[in-house]
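K.L.:
Sequence:
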Amino acid sequence: MEVKDANAALLSNFEVYQLLTDLKQQRKESGKTKQSSGQQNLNTIMYETLKYISKTPCRYQSPEAVREFLVAMKEHKLTKLSLGVGLGEEEEEEEKEEEEEEEEEEEEEEEEEEEEEEEEEEEEEEEEEEEEKEEEEEKEKEEEEEEEEEEEEEEEEEEEEEEGGFYREELLETSGN
Numbered sequence: 001m002e003v004k005d006a007n008a009a010l011l012s013n014f015e016v017y018q019l020l021t022d023l024k025q026q027r028k029e030s031g032k033t034k035q036s037s038g039q040q041n042l043n044t045i046m047y048e049t050l051k052y053i054s055k056t057p058c059r060y061q062s063p064e065a066v067r068e069f070l071v072a073m074k075e076h077k078l079t080k081l082s083l084g085v086g087l088g089e090e091e092e093e094e095e096k097e098e099e100e101e102e103e104e105e106e107e108e109e110e111e112e113e114e115e116e117e118e119e120e121e122e123e124e125e126e127e128e129e130e131e132e133k134e135e136e137e138e139k140e141k142e143e144e145e146e147e148e149e150e151e152e153e154e155e156e157e158e159e160e161e162e163e164g165g166f167y168r169e170e171l172l173e174t175s176g177n
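Numbering (this note's numbering), first residue to last: 1 to 177.
Everything labelled a hint here was simulated from the structure, so no lab data went into it.
A quick note: this is a predicted structure, and the numbers were derived from the prediction, not measured.
Idealized CB from N, CA, C, for every residue including glycine.
Please note that a few of the clues may not be correct.
To be verified - Quick list of the computed label-pair ranges, beta carbon to beta carbon:
hint: 1; residue 1: 111; residue 2: 28; range: 25 to 31 Å
hint: 2; residue 1: 156; residue 2: 133; range: 31 to 37 Å
hint: 3; residue 1: 163; residue 2: 143; range: 26 to 32 Å
Work out the full structure, taking the sequences as your base and the hints as a guide.
P.N.:
Structure (structure tokens):
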């Protein structure tokens, strides 16, 4: 009878160990990927509870109770209230520090985004100024071309008048003879 209980206790402790390692891995991965705060809290609670269970001597745990607890934990049906095991002050401080770090990271990201937006706005303003300068230069060129055309037309008119006047004089001279 005692051997069966001891084997069951060892088995349940092995399951606790397995679940602890799984949760450690999940906590590492949750730092890499964004998870909802509820899922992170649940993982933390499960991890701390398993640490508590693994430190409790086997003779005080019934294998069935541990197995039921593990099954419920695997199915993520536990909440802070149903666990009955609170987090220690150290863990709460660690959680607060992690939350503060996350907030700082978010603030830094927001600042970087704002800086990028400001840079983009400045670039857009510079582009607009360049476009305005180009438009002004084009207008000036067009005005210069128009002035040149007007001057050419005036010169042509003057030449025609001179030529016309020369022909008139010749006509007058030839007709007068």
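K.L.:
For each hint given before, does the structure comply? Return the numbers of the non-compliant ones in rising order.
P.N.:
none
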